[in-house]
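Undergrad: Sequence:
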Amino acid sequence: MLNFLQASHNIGRYFGIEVRITYLLYLVVAFFTLTDLADSGVRGGLLTMVSFLCLIGFVYLHEMGHSLAAIKEGVGVQAIYLHPLGGLAQLVGIIPGPMGEITIALAGPFVSLLLAAIFFLPMYLVH
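Convert by adding 115 to the 1-based position in the sequence shown; the result is the number in the working numbering.
In case anyone wonders, no lab produced these hints; they're calculated from the structure.
The structure presented is a predicted model; accordingly, all values stated were derived computationally and were not measured.
Every residue, glycine too, gets a C-beta built ideally from N, C-alpha and C.
A couple of the hints might just be wrong.
To be verified - Here are the simulated distance ranges between beta carbons:
{"#": "1", "residue 1": "172", "residue 2": "138", "range": "17 to 25 Å"}
{"#": "2", "residue 1": "220", "residue 2": "130", "range": "31 to 39 Å"}
{"#": "3", "residue 1": "133", "residue 2": "229", "range": "22 to 30 Å"}
{"#": "4", "residue 1": "147", "residue 2": "186", "range": "32 to 40 Å"}
{"#": "5", "residue 1": "191", "residue 2": "241", "range": "39 to 47 Å"}
{"#": "6", "residue 1": "242", "residue 2": "122", "range": "39 to 47 Å"}
{"#": "7", "residue 1": "162", "residue 2": "124", "range": "22 to 30 Å"}
{"#": "8", "residue 1": "149", "residue 2": "221", "range": "37 to 45 Å"}
{"#": "9", "residue 1": "228", "residue 2": "130", "range": "29 to 37 Å"}
{"#": "10", "residue 1": "122", "residue 2": "170", "range": "15 to 23 Å"}
{"#": "11", "residue 1": "227", "residue 2": "207", "range": "17 to 25 Å"}
{"#": "12", "residue 1": "237", "residue 2": "167", "range": "16 to 24 Å"}
{"#": "13", "residue 1": "236", "residue 2": "165", "range": "16 to 24 Å"}
Starting from the given sequences, assemble the full structure and let the hints guide the process.
TA: Pasting the structure below:
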């Protein structure tokens, strides 16, 4: 495992899977939030922070899609790591065949498409 993933903070266990956020992600969010706070004031800083929190939430749900599919296929999941470049589901065990691998690989994008569909309609109606 990469060293920057080891420097992480446990934020809880969901569905038996440990969820960790790297300290580097905290620094990235703080940097951009403080930068926008200085440039655009409190409103800009809050908007940046909320945007990052939503993005991190979507990445978490994407990785949870992979993880739940892996559990369904009989593969263990040790942890989900959230970092500045995205997320990583740390699987434990051997994936049972090509169809299991395809199922696990497609579960994350499926969750992302589902989220896009859910949020598209309200945005379309507002604009």
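Undergrad: That 37 to 45 Å hint for residue 149 and residue 221 (C-beta), does it hold up?
TA: Distance hint for residue 149, residue 221 holds at roughly 38 Å.
Undergrad: Falls inside 17 to 25 Å, the C-beta gap from residue 172 to residue 138?
TA: With a Cβ separation near 19 Å, residue 172 and residue 138 satisfy 17 to 25 Å, so the hint holds.
Undergrad: Could you say whether the range 16 to 24 Å given as a hint is met by the Cβ separation of residue 237 and residue 167?
TA: Since residue 237 and residue 167 have Cβ atoms about 20 Å apart, the given range 16 to 24 Å holds.
Undergrad: Look at the Cβ atoms of residue 162 and residue 124 and judge whether their distance stays inside 22 to 30 Å.
TA: holds, 24 Å
Undergrad: If I claimed the Cβ atoms of residue 220 and residue 130 lie 31 to 39 Å apart, would that claim hold in this structure?
TA: With a Cβ separation near 19 Å, residue 220 and residue 130 fall outside 31 to 39 Å, so the hint is violated.
Undergrad: For the hint 16 to 24 Å, verify it against the beta carbon of residue 236 and that of residue 165.
TA: Cβ of residue 236 to Cβ of residue 165: about 21 Å, so the range 16 to 24 Å holds.
Undergrad: Could you check the hint for me, namely that residue 191 and residue 241 are 39 to 47 Å apart, CB to CB?
TA: holds, 42 Å
Undergrad: If you check the beta carbons of residue 227 and residue 207, does the distance land in 17 to 25 Å?
TA: holds, 24 Å
Undergrad: Quick check: does the Cβ-Cβ distance between residue 242 and residue 122 fall within 39 to 47 Å?
TA: holds, 41 Å
Undergrad: A range of 32 to 40 Å was offered for this pair. Does it hold for the Cβ distance of residue 147 and residue 186?
TA: Check passed, 34 Å falls within 32 to 40 Å.
Undergrad: Hint says 29 to 37 Å; check whether the CB-CB distance for residue 228 and residue 130 agrees.
TA: This hint is violated: roughly 21 Å between Cβ atoms.
Undergrad: Holds or violated: the 22 to 30 Å window for the beta-carbon distance between residue 133 and residue 229?
TA: holds, 24 Å
Hint violations for this structure: numbers 2 and 9, all remaining hints satisfied.
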